[in-house]
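Generate coordinates for the entire structure from the input sequences, incorporating the hints supplied.
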Amino acid sequence: MAVPKDLGLRAELLTAKHAAFIKNFAESTSNFEYFATEHFRMSGVYWGLTAMCLVGHLEDMDEDEIVSWVLQSQHENGGFGGSPRHDSHLLYTLSALQILALYEKLHLIDTEKVISYVAGLQQPDGSFSGDEWGEIDTRFTYCALLCCALLQRQEAVDSVQAARYIASCRNFDGGFGARPGMESHSGQVFTCVGALALADSLHLLDRDLLCWWLCERQTETGGLNGRPEKREDVCYSWWCLSALSILGRLHWISQDALTRYILFCQDEEEGGISDHPEDMADVFHTFFGIAGLSLMGYPGLERIDPTFALPVRVVRKLRPAKSAPIST
Amino acid sequence: MHGRPRYPRPNTSDPQKAQAAEQRVQLYSRLTTTVLKRLQAGQYDKEILELAARLLEQNPERALEKHPKSYATWHHRRWLVSRHVTSLQQEVDLVNRLLEADERNFHGWASKIDRNFSNYSAWHLKTRLLKKVHQQSPTVTLDELLKQSPAAQQRQMPLWALREEFGLVKQAFYTDPGDQSPWLYHRWLLGCLLAHVKAGSDTKAVAEILEQEMQMCKDILELEYTAGPEAELSSSIKWPTLTLAQLKDLLLTISQPGDSPDIAHTSALYQRLQDIDPLRTGFYQDASQGSAKILVQSAG
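Taken in sequence, the protein lines are chains A and B.
The first sequence begins at 1 in UniProt numbering and counts up by one.
The second sequence begins at 1 in UniProt numbering and counts up by one.
Just so you know, the hints here were simulated from the structure itself, not pulled from any lab data.
Note that this is a predicted model, so its numbers are computed, not measured.
Treat the hints with care, as some may be off.
Said to hold, decoys possible - Keeping only pairs whose Cα atoms sit at most 25 Å apart, straight-line, the calculated SDA-like set for lysine to any residue is:
1) 126/B to 231/A
2) 113/A to 254/A
3) 230/A to 102/B
4) 132/B to 164/B
5) 230/A to 13/B
6) 132/B to 23/A
7) 293/B to 229/B
8) 317/A to 71/A
9) 198/B to 253/B
10) 230/A to 105/B
11) 293/B to 212/B
12) 23/A to 13/B
13) 293/B to 85/A
14) 17/A to 4/B
15) 132/B to 124/A
16) 170/B to 212/B
Encoded structure:
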């Protein structure tokens with residue numbers, strides 16, 4: 001669907017509507033969707049809260065209730081589940097730490113327990129499994145390295161081996177897949193670039209080649225897709241853009257065209273942003289659309305850090321003053 | 001949300017629908033609570049398996065057919081195969097069915113070896129297979145590759161194999177020059193050719209291939225331009241134009257003093273590309289100044 005010249009009510013980012021949409025979603029605890037998404041709610045909360053923070057509405061949410069719920073989701077093994085009833089997993093451990101970082105409450109957890117959970121998931125070849133059941137995916141390397149960075153315990157895992165494993169997932173097009181041999185995908189590219197950045201190993205990728213592949217994700221609608229010949233989707237406004245940003249090539253896409261695509265995907269009546277203009281909005285795409293706009297410097301939004309996927313203000317507070325900034 | 005249309009807006013006022021929705025919520029909530037409680041108590045019996053199956057909408061195979069891109073479901077299937085709960089043949093049959101439904105499902109490709117090369121996933125798989133087939137030093141370590149050590153340099157595709165691949169991909173171009181996948185594969189082939197240059201191989205043979213590819217691009221462009229003005233801004237013009245610019249850059253790299261390769265007008269090509277493909281103006285501007293090096297021997 002082409003983006004019309006006149007975006008009408010969608011011509012600007014409707015921040016108040018989106019804040020209301022997210023708040024309403026958080027408070028809708030009796031519909032089917034609430035139950036069906038319980039196993040990954042931790043990530044949903046992270047997406048919603050970070051979006052609220054970027055649009056300046058974090059105080060609309062109940063901090064105490066959320067922090068308490070996050071802490072209840074930590075299990076004996078030190079990891080966090082998607083919710084208190086669900087088993088630990090690296091994905092939700094990261095989301096939990098990111099939420100606590102937003103609220104400057106990382107000091108409330110037992111750092112050693114979390115670190116030992118994360119480090120325990122590293123394999124001899126440097127990869128990470130998501131949990132005790134052994135699924136390996138480069139996403140989990142990013143999760144693990146970022147958990148360590150958030151808790152300032154980078155030395156707890158073998159980041160050299162971790163970076164080598166990521167490098168072994170490089171493909172002919174400069175991109176990265178979930179495991180060695182798997183096809184390049186923008187989501188995996190983000191996590192691999194993020195992981196290499198955290199491991200101070202960006203020299204292990206072909207910067208120009210990868211960024212060219214990434215800028216080729218932009219379709220005639222202005223939106224970005226995940227890989228060649230696929231349809232554009234607002235969430236790639238984050239996966240592709242953050243990688244381009246880390247690698248200093250954001251100017252290789254048309255930011256103007258992408259901005260218009262994201263704005264066109266807003267729901268001007270109910271609030272929220274969707275993957276495509278004709279689809280229903282959800283918190284996931286609302287966050288990634290806003291995050292993409294933030295990376296492009298859209299006025300009125302807090303700046304987001306492309307490696308940590310948290311507001312820059314939050315990241316600055318994490319690191320000791322003497323350390324160098326990670327993102328360009 | 002994927003596959004959920006914004007319009008028409010869901011009707012929340014119909015009492016019958018509201019009641020049905022409420023019942024569904026109650027059932028799901030009861031099932032989840034029961035299953036999770038029993039798991040936590042360590043009760044792994046037949047009944048809980050049946051309850052979990054209901055939760056997963058009957059059986060794992062159905063789950064995949066409804067959600068063919070679920071990472072967790074695919075991982076679970078691999079676990080089942082590793083424990084001989086399902087046979088490898090059954091697995092291959094399932095993957096074939098899913099790939100017939102969606103050729104681009106990379107979970108399926110990761111599970112499968114096949115010979116139907118007709119899309120990007122397939123070209124990607126080809127690059128992996130060709131490396132394996134033509135690897136001359138199977139004992140090269142990742143360390144050696146990363147350090148670009150002499151041992152790693154041996155991992156080149158022989159020129160005869162490259163010529164075959166250029167021939168194959170040319171057929172794809174003439175079938176549909178706007179299809180980007182073979183052009184991206186072509187860039188990789190050029191990168192493999194670059195490896196021969198760096199290794200000091202027969203420069204004349206490499207130059208011959210480059211001239212041949214340049215001629216092919218020019219021929220395709222001529223065909224496309226005669227197709228009419230609509231073609232001017234299409235991807236079937238962009239890809240041969242970009243490839244022509246890359247080929248000229250590569251020829252420049254290997255040209256000797258005294259040669260006069262047709263390397264003029266590269267900047268004119270990049271300017272043309274900005275007109276054809278304005279979204280990527282930033283890239284083309286950097287490329288024309290030599291600060292966008294995409295012709296590399298990608299260490300994939």
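Against the 25 Å threshold, does the CA-CA distance of residue 230/A and residue 102/B hold or violate the hint? Given that 25 Å is the threshold and the Cα spacing comes to 12 Å, the pair holds.
Problem set entry | Distance restraint between residue 317/A and residue 71/A, which requires alpha-carbon spacing of 25 Å or less | 21 Å, holds
**Asked** residue 293/B and residue 212/B: Cα distance at most 25 Å?
**Response** 22 Å, holds
Hinted pair, alpha-carbon criterion (25 Å max): residue 198/B, residue 253/B. Please report holds or violated.
10 Å, holds
* Asked: Is the hinted pair residue 132/B and residue 124/A satisfied, with a Cα-Cα distance of at most 25 Å?
  -> Holds, at roughly 23 Å.
(message) Please verify whether residue 293/B and residue 85/A have alpha carbons no more than 25 Å apart.
(response) Violated - the C-alpha atoms of residue 85/A and residue 293/B are around 50 Å apart, more than 25 Å.
Starting from residue 132/B, check that the Cα of residue 164/B is at most 25 Å away, please. 16 Å, holds
With the threshold set at 25 Å, check whether the alpha-carbon distance from residue 293/B to residue 229/B stays at or below it.
31 Å, violated
Distance restraint between residue 126/B and residue 231/A, which requires alpha-carbon spacing of 25 Å or less
Satisfied, since the Cα-Cα distance of roughly 23 Å is no more than 25 Å.
When you check the alpha-carbon spacing of residue 230/A and residue 105/B, does it fall within 25 Å?
11 Å, holds
**Report entry** Pair hint residue 17/A and residue 4/B, alpha-carbon separation not exceeding 25 Å
**Finding:** Given pair residue 17/A, residue 4/B holds - Cα atoms ~20 Å apart, limit 25 Å.
| query | Taking only the CA atoms, is the gap from residue 113/A to residue 254/A under or equal to 25 Å? | reply | 45 Å, violated
Taken one by one, the earlier hints fail for this structure at numbers 2, 5, 6, 7 and 13, listed in ascending order.
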